[in-house]
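Engineer: Using the working numbering, the first residue of the sequence shown is number 1, and each one after it goes up by one.
Mixed in with the good hints there might be a few duds.
Unchecked claim - List of simulated lysine-lysine pairs, BS3-like, C-alpha gap at most 27 Å: (1) Lys58 / Lys82; (2) Lys42 / Lys82; (3) Lys161 / Lys193; (4) Lys31 / Lys80; (5) Lys190 / Lys130; (6) Lys153 / Lys231; (7) Lys82 / Lys31; (8) Lys31 / Lys231; (9) Lys210 / Lys231; (10) Lys153 / Lys115; (11) Lys220 / Lys189; (12) Lys245 / Lys189; (13) Lys222 / Lys255; (14) Lys210 / Lys255; (15) Lys220 / Lys42; (16) Lys42 / Lys106; (17) Lys231 / Lys220; (18) Lys222 / Lys42; (19) Lys58 / Lys80; (20) Lys130 / Lys82; (21) Lys153 / Lys189; (22) Lys222 / Lys189; (23) Lys130 / Lys161; (24) Lys106 / Lys130.
As the list claims (entries may be wrong) - Beta-carbon label-pair distances, calculated as ranges: (25) Ala242 / Lys31: 17 to 23 Å; (26) Lys31 / Arg60: 19 to 25 Å; (27) Ile158 / Gly132: 21 to 27 Å; (28) Tyr99 / Gly243: 37 to 43 Å.
The set of hints was computed from the structure by calculation and includes no laboratory data.
All C-beta atoms, glycine included, are put in the ideal place defined by N, C-alpha and C.
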Amino acid sequence: MRLRQLLRLLRTTSLFLVTAFSALSCNMHDKADTFITPSGDKLVITPIKHASVQIDYKGRNYQIDPVCSNVEPIVEYTDKPKADFIILTDFHDDHFDSYAIHLLRKRDTQVLLNKRSYQRLGRKFGIVMKYGDTAQLGDGVSVTAVPAYNTTKDYVQIHPKGAGNGYIFNFDGFRVYIAGDTEPIPAMKKLGKIDVAFLPCNQPYTMNLKQIGDAARMIKPKVLYPYNWNKTPENSIRRALAGLKGIDVRIRYFK
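With these hints in hand, go ahead and build the complete structure from the sequences.
Structural biologist: Here's what the structure looks like:
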């Protein structure tokens, strides 16, 4: 009897420890970071997963590439506010999820997206953004579509030039670069001052470990979030970016 009680206690304790560790890990991975813009307002960036990012600024909510179940872990967005703006970089399943868009939309939500995503939605709604297009979002906020594509010969068919977008958000002079699915490209040299950059690291679809370092040195953001890294080992990303000078590299759970 005592042995059974001991085994039951061990199982209960183990379950508690696993649950607690999982919750702790989730909190560490989903930690929101707060930045102060030149206007003195708070900008909050919350990692969700993979390529899904939430930004809150001046009472407005921006959801970039929201995805529920196409990529693990499943996120139902039931604990997220309805979005004022939904921005899509790519039409592939790890960036595009019509159900997530449905969950986050309200009557006046604006959806900005690349042409292929617009076509996949069935042309129901949304503003198509082409390279160089800028949309004024109000309250001193704008977003500009910039190139995002593969350059390696064997991979150019995965993300051909013109199919997907990167974006630069300008929050009252605080500039956030969402690279989308891309490798290092010449346009990165012309982005100007970048305060926060999200760069992908996931060959063969985006950058390899050397390329993300090359892109970071080209862009020189103040803060860098490696994201969209899928099966790339987290420790490998840390080592690849360890030598960057003047760049605050922040690892979050963007697997």
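Engineer: For every hint, state whether the structure bears it out.
Structural biologist: A quick look at each hint next to the structure:
no.	hint	result
1	Lys58 / Lys82	15 Å, holds
2	Lys42 / Lys82	19 Å, holds
3	Lys161 / Lys193	24 Å, holds
4	Lys31 / Lys80	14 Å, holds
5	Lys190 / Lys130	17 Å, holds
6	Lys153 / Lys231	22 Å, holds
7	Lys82 / Lys31	20 Å, holds
8	Lys31 / Lys231	21 Å, holds
9	Lys210 / Lys231	16 Å, holds
10	Lys153 / Lys115	23 Å, holds
11	Lys220 / Lys189	10 Å, holds
12	Lys245 / Lys189	18 Å, holds
13	Lys222 / Lys255	22 Å, holds
14	Lys210 / Lys255	18 Å, holds
15	Lys220 / Lys42	22 Å, holds
16	Lys42 / Lys106	24 Å, holds
17	Lys231 / Lys220	25 Å, holds
18	Lys222 / Lys42	17 Å, holds
19	Lys58 / Lys80	16 Å, holds
20	Lys130 / Lys82	26 Å, holds
21	Lys153 / Lys189	21 Å, holds
22	Lys222 / Lys189	15 Å, holds
23	Lys130 / Lys161	11 Å, holds
24	Lys106 / Lys130	25 Å, holds
25	Ala242 / Lys31: 17 to 23 Å	20 Å, holds
26	Lys31 / Arg60: 19 to 25 Å	21 Å, holds
27	Ile158 / Gly132: 21 to 27 Å	23 Å, holds
28	Tyr99 / Gly243: 37 to 43 Å	41 Å, holds
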